[in-house]
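Q: Heads up: the sequence shown begins at 1 in the numbering used here, then just goes up one per residue.
Please keep in mind that the hints were generated in silico from the structure rather than gathered at the bench.
It cannot be assumed that every hint is accurate.
Below 25 Å or equal to it, Euclidean Cα-Cα: the simulated SDA-like pairs (lysine to any residue) are [as the list claims (entries may be wrong)]:
{"hint": "1", "residue 1": "LYS242", "residue 2": "ARG183"}
{"hint": "2", "residue 1": "LYS49", "residue 2": "ARG183"}
{"hint": "3", "residue 1": "LYS353", "residue 2": "SER428"}
{"hint": "4", "residue 1": "LYS58", "residue 2": "ARG158"}
{"hint": "5", "residue 1": "LYS398", "residue 2": "LEU222"}
{"hint": "6", "residue 1": "LYS172", "residue 2": "TRP228"}
{"hint": "7", "residue 1": "LYS41", "residue 2": "MET62"}
{"hint": "8", "residue 1": "LYS119", "residue 2": "ALA163"}
{"hint": "9", "residue 1": "LYS125", "residue 2": "GLU94"}
{"hint": "10", "residue 1": "LYS172", "residue 2": "LEU194"}
{"hint": "11", "residue 1": "LYS125", "residue 2": "VAL26"}
{"hint": "12", "residue 1": "LYS398", "residue 2": "THR176"}
{"hint": "13", "residue 1": "LYS398", "residue 2": "LYS242"}
{"hint": "14", "residue 1": "LYS58", "residue 2": "GLN75"}
{"hint": "15", "residue 1": "LYS417", "residue 2": "SER428"}
{"hint": "16", "residue 1": "LYS119", "residue 2": "ARG183"}
{"hint": "17", "residue 1": "LYS398", "residue 2": "ARG165"}
{"hint": "18", "residue 1": "LYS242", "residue 2": "ILE201"}
{"hint": "19", "residue 1": "LYS104", "residue 2": "ALA22"}
{"hint": "20", "residue 1": "LYS49", "residue 2": "GLY23"}
{"hint": "21", "residue 1": "LYS353", "residue 2": "LEU425"}
{"hint": "22", "residue 1": "LYS417", "residue 2": "MET335"}
{"hint": "23", "residue 1": "LYS353", "residue 2": "SER202"}
{"hint": "24", "residue 1": "LYS398", "residue 2": "TRP376"}
{"hint": "25", "residue 1": "LYS172", "residue 2": "SER372"}
{"hint": "26", "residue 1": "LYS242", "residue 2": "ILE113"}
{"hint": "27", "residue 1": "LYS49", "residue 2": "VAL39"}
{"hint": "28", "residue 1": "LYS58", "residue 2": "GLU160"}
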Amino acid sequence: MPQNGGGVSNINQPSGWRKATAGLAVAERHAQAGERAAVPKTQAFVAVKRVGAHIGLKAGDMLLLDTLGAFTQAQDWEEGQRPIVWASNSYLMEQTGFSLSALKRHARRLAEIGVIAFKDSPNGKRWGHRDADGRIIEAYGFDLSPLSARAEEFEQLRAELQAERELCQRLKRQITVARRMIRARIEAALSGALRGPWTQISRLFEDLLDRLPRRNTASETLARLLAWFRELQERVETNYLKAIRADEVVENAAEATEQVSEKTQEVNPREVISEPHILITNQLNSVTCNRSKNEQAAAMVPNAPPEEKVDRELEDWVVETRKKRGAALDLPTVMQACPEFASWARNMGGYLKDWGDLHRVVGQLRPMIGVSEHAWNLAQDRLGPQVATAALVLTFDKHCAGEVASPGGYLRGMIEKAGAGELHLERSFYGRLSGQAA
């Protein structure tokens, strides 16, 4: 069988038969540049395959390209050489299963995209010869040199595409969190019959949901959508807090009115008794101070009051935590290390003064990132309320930043680490602070 697929073919006809196009001219320039490059065949093919769909290559194009590449040898990709394939049409049709017209169509598309070039012989035939060392002496046919010239370009394009995909995934997650938060606020406002433009806000929310992409979308479009969702979320939060404060004012006023009414009823001038009260008794009883009774009762009770007991237990827990984990986390450190969570938390609960406020807000934000109630309860049971709260804060922030795809799984992983004594939340929080400073 002749070398490189055997035989000659008239797919390349005499000069002038092929219509010159800008794409073919660019492919030829790439081929000349490829001759001066030294890129291994494997690297060149991996680079083009990773971006093939993006640059317009179809499955049939890639099949033909692989078939052509199989004819080349390692020395054909060295500097000063050109990997030219002179396989016959019949052989290529047999290897690919293409008809002649399909073969020509795929070859033309590969050349127009600038992945291969045509090197035509004077008589329009494809043929070639190798020397004793297997190096091509002279050949005409399909020139794969453009792959060598464009390998670096394709690798750079792949890195850009990867960065774009990661950015799109992060933006989609942030849109999901904002969307869930808006829906939760609207439902809470409607179920609580809070005053506000909730009908209009619901319509705006539905309009935004209709604009969500059903397929792959550029990051610019997603960023614009995220800005719209966050703008609507800010409006929802403003109206929600305003409605809550208005209801509190009304409730406080109602309570004050009720208290005044009760006092008015207690102090009724018509019921005042002006006659002196005379105590008649034949037995003298000692006067006992109420405070002394309370102190004696407390002394008789073996355990301290529930409030003091809880405080002591909490203090003991904090001391024990510091012994086990080093310096305990403080609230400012947690909030500063997790700015994405801090923004959401302030929108939810305003100023957070202690861990109790943070625990309450974390419980409200938990469903927004898809952490189940079971996982949350398990975390509190295994880690304790404070450590579980800090763990969920870290999970929320990493999810919003695109660092964690499965928040529930990440939280369960931290629970497992804690069971093995390998959970060091302080390092994670201080590490994020160091990253912000850098």
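Q: Check each numbered hint against the structure and report the violated ones by number, ascending.
A: 2, 8, 10, 13, 14, 16, 23, 26
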